[in-house]
Amino acid sequence: MSVSTLDTPAPSANTRLTAALPWVAITATLIVLPLLFSSNSMISTLNYLGTMAIFALSYNVLLGQTGLLSLGHGTFFGLGGFIATHAILHMADAGVSFPLPLIPAIGGFGALILGFFGGWLASGRGGMPFAMITLGLAELVYAAAALFPSIYGSEEGVSFDRMDLGASFGMDYGPTVDIYVIIAVWFLICAGVLYYFSKTPLGLLTNAVRDNAERIEFLGFSARRVRMLAYAIAAAVAGVAGSLAALNFEIMTVNEMGATTCMLVLLMTYIGGTKHFFGPVLGAIVIGLMKIWLSDISPAWMMYFGLLFIFVVMVQPAGLAGILMDGIALLRSGSVGAQAPLLGLIGLAGAFALTGTIILIELAYRAGLDATLGPQITVLGLPLSTASVLSWGLGLICAGGGVIAMRPLFDRLATLRHSLSKGETA
Amino acid sequence: MTHALELRNLKKSFGSVEIIRGVNLDLRQGERHALIGPNGAGKSTLFHLISGRIAPTSGEILFQSQNIAGKPPAEIVRAGLSRSFQITNIFPQMSVLDNLRCAVLWKLGHRYSIFRQTPTLPDVAIECERLLDQLGLTRRAHDTADSLTYPEQRALELGLAVASGANTLLLDEPMAGMNHSETEAALQLIMKVTEGKTLLMVEHDMGVIFEMADRISVLVYGQIIATGTPQEIRANRAVQEAYLGTSEEDAA
Ligand SMILES: Nc1ncnc2c1ncn2[C@@H]1O[C@H](COP(=O)(O)OP(=O)(O)OP(=O)(O)O)[C@@H](O)[C@H]1O
Ligand SMILES: [Mg+2]
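Sequences listed follow chains A and B, in order.
The first sequence begins at 951 in this note's numbering and counts up one residue at a time.
The second sequence begins at 28 in this note's numbering and counts up one residue at a time.
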C-alpha cells in the first residue's frame, strides 16, 4: 500500500514542483475561505476547524508515524491552552507589550517541556503499556487540576480578553477574522514543520519504531528515545493548538483536557486517515463540522459519530483519505465509465442504508429520551410518528435493504480496489 | 594474537533450565568462523547473549577486551558488533531504501537529527546506493520491504547488519530456507559484503561451511565440544558422533 506523500523518492526540480503544489493549494484555500464564508459564525467555525486540524496533525505524529496509541493527548492541548491563557493574563497585568499572534509559541514551548517529561515516563515501551501510561497521566493531570482552582479555574474556567495585549501587526484582535489570520498562519507553520519533521532522520526513525521497534536497537538507536522525542514534538504542536483554541474562545476550561478531548482527537485522526499526511486534517474538518452542525439539528449526533467510526474501520482502515485516494486511483485508471454502474449501485444502497439508519435513530431518540416532545417528528422532510408501525417499518426496510444490498457490492469494490492497486505498482 | 571476541564460561538459564552451559570461544580478528550444532543446541540463544538481546546468567563476553555482557543492543552495535536474525527482522512497511537509511544513520553521525531531510543527505545517499548495489536490491529500492521475495528479504536482513558499519558480524542462518542456487548466490554475497570483517555465522549447510569457514566450532546441548579448522572438525570423532555424521548423511 502506498504511503503517498510520506514516501517520495529523491527530489529533482520536477518533483520539487509537485511537492510544493499541495502547499500552494492549501495557502490559496486559507486565503479564499474567509472571503467565501465571511459571516462571524462561519469564521468562528473555520477557527475551530483550524485548531482541530493542527491538533489532529500533532496526534498523527504518534498514531500514524510512530505507531503509538496515546489516550492522553488532550492533556497537552489543555496545558498549552492554560499556559497561553496565563501568559496573556500576566503580561496584561504587568503591562508588558507582547504580540498576541506569538502567544501560541509560549503555549507550545511549555507543552514541549511537559511533553519531554511525560514522554520520559511513558515511552519505555510501545503498545498497551504506552496507551495505559498515557491514559493514567491524563487522568492524573485532570484530577490534579481540580486541586489548583487558581490556575485551572473552577467549573467555569479561566477567561481573559485577548485585546488586553494591545494591537500588533496592524490588528487589534477584536474581530474573529483577526484570530482566523493567526490560526491560518499557525496552521501553515505547524503543518510545514511536521511535514519537514517526517522527512528528517528522526522522522524516519519514528516510522522504524512503528514497524519494528526492537530492530532499531540493533542499529544503534534507542526506541525509547525516539518515542520520547516524538511524544514531546506531538505535545508541543498540541500545545500550539490549545493556545489557539484559547485565543479563539477567550476562555480555557479543565474540560478541554479531559477524556472527551483525548477521544475526539483519536477519532478525528483515525477517521481522517493515519497513513496520509493530510488525512487528519480531513478528519478534523469532517468531525468538526459534524460536531457543530449535527449537534444543532439532532440530539443523536454522538451516535452518528460512532456509526461513522465503525463504517470507516470496516470499509477502509486508511480512513477518509484512503477512500479519497481510491477515488483518485479510479479516476486515473480511466475506468470510471466502466465502473459507473457499480458505483451508482453502491451510492444508491448507501443512500438507502443511511436514510433508514437516520430514521431509526431519530425515531428511537424521540420515543426514548425526548418522549415529552410528542410522537410527531419530521425526519429528512418525512412526517413520521413514533406511534406508527409504518414509520418504523420504513426505517427498517430502508436500513436493512441498503445494508444487505451493500455486502455483495462491497466485495466487488474490494476486487476493484485490489486490481487498481496492482495496476498502479506495475 | 588479538581476539575480536572472547566468551568466558558463558551461561544462560531460562528458569531452571540451563540452555547455555559454560561456553568458551575465541574469535580471531578477521576470521570467518562457523558455528554449527543440532537444532535446539542454543546457537541463536548464544547470539542473543552476545548481541545484548538477552542478558547472560553468568560469564564474560569480551569484545575488543571490553566486557559487554548485559549491555543493551544499541551500545554493542555502536562498539562495532552487529548481527542478523534467523527469523527475518526488517521494517516491513518501509521501503528498502528507508530500511537501509535507518541502518546507516548512526555510523554517519546523523543520529536523531531533525535539521536535515534524510533524502538530501549526500553521505546517506552514497552509502545506501553502494549497499543497494552490493545487495542486488537497486531495482527494488522504492518497494516496501514486505513486498520482497524471500531471498531478497534475507539479503536486506543481511544488509541491515552490514550497513551499521560494524567490524564484527554475527549472522544467524542467513541462507535458511533457500534452494540450492539461491544459497550459492547468498554465499557469494556474504563473502563479498563481509570482506575484511570478522564473521561468526550459524549455518546448517555443510557444503557452505566447508567452503567459507576458516574455523568451525560445534555447539551441542549448550556447550562447545570442538573448535578447529574444517579438516580437524571433519576428523573429530566426538563431532562425528554428536552431530556431523548424521548431518552429512542428510545432506547426501
Ligand atoms: N526465552 C526462552 N525461554 C525458554 N526457553 C528458551 C528460550 N529461548 C530459547 N529457549 C530454548 O533454548 C533452546 C535453544 O534454542 P535456540 O533457539 O538457541 O536453538 P538453536 O541452536 O538456534 O536451534 P535452531 O537450529 O533450531 O535455530 C531450545 O530448546 C529452546 O526451546
Ligand atoms: Mg537458531
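For the record, the hints were derived by calculation from the structure and aren't laboratory data.
For every residue, glycine included, the Cβ atom is placed at its ideal position computed from N, Cα and C.
Some hints could be false.
Okay, the calculated bits of chain B under chain A, using three or more residues with CB under 8 Å as the criterion [stated by the list, open to error]: (1) 38 to 44; (2) 63 to 69; (3) 111 to 122; (4) 143 to 157.
Now the hints, each set against the structure:
1. For the region 38 to 44 of chain B, the stated coverage by chain A is not satisfied: 0 residues place a CB nearer than 8 Å to a CB of that chain, which falls below the threshold of 3.
2. Look at the region 63 to 69 of chain B against chain A: 0 of its residues bring a Cβ nearer than 8 Å to a Cβ of that chain, fewer than three, so the hint is violated.
3. Against chain A, the region 111 to 122 of chain B contributes 7 residues with a C-beta closer than 8 Å to a partner C-beta. That satisfies the three-residue criterion, and the hint holds.
4. Only when three residues or more bring their CB closer than 8 Å to a CB of chain A does the claim for the region 143 to 157 of chain B stand; here the count is 7, and the claim holds.
Taken one by one, the earlier hints fail for this structure at numbers 1 and 2, listed in ascending order.
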